[in-house]
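Could you slot chains B and C onto chain A? The hints should help.
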Amino acid sequence: MPLSLPALMTLLAVLWLLFTAFMVGRARGKYKVPAPATTGDPAFERAFRVQMNELENLVAFLPAMWIFAWFGNPRFAALACAVYLVGRVAFAIGYWREARQRRHGYTISMMTMAITWVAALVSVLRWIDFA
Amino acid sequence: MPLSLPALMTLLAVLWLLFTAFMVGRARGKYKVPAPATTGDPAFERAFRVQMNELENLVAFLPAMWIFAWFGNPRFAALACAVYLVGRVAFAIGYWREARQRRHGYTISMMTMAITWVAALVSVLRWIDFA
Amino acid sequence: MPLSLPALMTLLAVLWLLFTAFMVGRARGKYKVPAPATTGDPAFERAFRVQMNELENLVAFLPAMWIFAWFGNPRFAALACAVYLVGRVAFAIGYWREARQRRHGYTISMMTMAITWVAALVSVLRWIDFA
Chain A
107 MPLSLPALMT
117 LLAVLWLLFT
127 AFMVGRARGK
137 YKVPAPATTG
147 DPAFERAFRV
157 QMNELENLVA
167 FLPAMWIFAW
177 FGNPRFAALA
187 CAVYLVGRVA
197 FAIGYWREAR
207 QRRHGYTISM
217 MTMAITWVAA
227 LVSVLRWIDF
237 A
Chain B
107 MPLSLPALMT
117 LLAVLWLLFT
127 AFMVGRARGK
137 YKVPAPATTG
147 DPAFERAFRV
157 QMNELENLVA
167 FLPAMWIFAW
177 FGNPRFAALA
187 CAVYLVGRVA
197 FAIGYWREAR
207 QRRHGYTISM
217 MTMAITWVAA
227 LVSVLRWIDF
237 A
Chain C
107 MPLSLPALMT
117 LLAVLWLLFT
127 AFMVGRARGK
137 YKVPAPATTG
147 DPAFERAFRV
157 QMNELENLVA
167 FLPAMWIFAW
177 FGNPRFAALA
187 CAVYLVGRVA
197 FAIGYWREAR
207 QRRHGYTISM
217 MTMAITWVAA
227 LVSVLRWIDF
237 A
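Protein chains in written order, with the numbering used here: chain A, 107 to 237; chain B, 107 to 237; chain C, 107 to 237.
Same shape as in the complex, but just chain A (with noise of 0.2 Å):
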C-alpha cells in the first residue's frame, strides 16, 4: 500500500520523539533536576529543549507530511520525512554537546519543513473542488 512507506516513516519520527524525552529523564537523574523543575544545569536546559523542539516542529510536520502523502506523492513524502528526520537527529545531537551546534541540524529540518509543506499544498489545491 503506497501510505505505508509515510507511515513507517511517522513510527520512526515519533520514536526519536520518545528518545528526546529519555534524554531528559537522565538529564534529570545526571544532572540533579528533580521533577516538576525544568531548569537548572544549561545541559539538563539543552536536553529539554532538544525534546521540545522536536515536539514543537513534529506537530507542524506531520500533518503537512500526510497531506503531501495522502493528496500528492506518499513515496516522495516518506523520503521527505526521512531527509527531515537526519536534520531532526543532527539538530539534538549537536544541540546535546553546545547550543551553537544546533544549527546546521535545524537548517536541514526547516528546508525539509519547508519543502514539505509547499508540496503539500499544491497536492491539495489541485484537488479542491468549491463547487
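Hints in this document: simulated from the structure, not taken from any laboratory.
Certain hints may be false.
Same chains, same label: a pair holds when it works inside one copy or across any pair of copies.
In silico SDA-like pairs for lysine to any residue, Cα to Cα no more than 25 Å straight-line [to be verified]:
# : residue 1 : residue 2
1 : LYS138    : GLU151
2 : LYS138    : PHE125
3 : LYS138    : GLY211
4 : LYS138    : HIS210
5 : LYS138    : TRP122
Coordinates of chains B and C only, in the frame set by chain A:
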C-alpha cells in the same frame, strides 16, 4: 475531493504554529534570551507562551477536526478550522501586546474547539458498531 | 465503520489533554502564578508538567495508534488507546498530589505506548512494497 478543504485549513494552521515559533526566535534576539533559556523579559515569555499555547491547542484541535471531517461533514470541519484560526491569530496578536489581551481570541478558539469536539463525537457515534 | 472506535478513543484522549490544560489555568489562580510565568509554587509546576507530559506523549501515541488502527486492527488499537488513557489519568491524578506518585500511571501508559508502537510497526511492515 471533500477532504481537501480541511487539508488546506490544516496547512494554514500548521503555518501559523510555525510563525509563532519564528516570533519566539525573534524575541530571543530582541530581548537577549539566548537558547536554551525560556525565561527573561516578559515580552519574550509572552512570545514563548503564545507558541506553547498554540501547540497544545493544535494537538487537541486537529484530531477532533479531522474526525469531524472524516465521519461527519468535511466542509463544516474546514469552516470550524477557519474560525478556530481567526481566534488563534487574535489570541496571539493580543498576547504579544499584553497578557490580558489574549482573552477574546482565546474565547473564540475555545468555543470553536468545543463545538468541533461535540460535532466530531456526534459524527463518530453514528458509525459505532460494537457488534 | 471499524475506524470509529479509535476515533472515539482519540476524542477522549484529546478531552483529557484539554482537561489537564484547564487544571493549569486553575492552578494559575489558586497559587497566584499569572501568565506568562511557568514557575512558582511546586503544585502549580506539577500541574504544568502534567499537561506538558500529556502533550508530548499524545503527539507520539496518536500517530502510532492510528497507524496500527489503519494498517492493523482498529479494535485492538482502540483498546490500546483506552488502556493508555487509564495510565495517563492515573499519572495525572498521582502527579497532581505528589511528584513521586506519577510512577504507576507512567509505567502503564509507557508500556501501552511501546506495545502499540511495535504493533503499528508489524502492521505496516506487512504492507511495505518497495517494488
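Query raised in the report: So which hints don't hold here, by number, going up?
Result: Going through the list in order, the structure violates no hint and respects every one.
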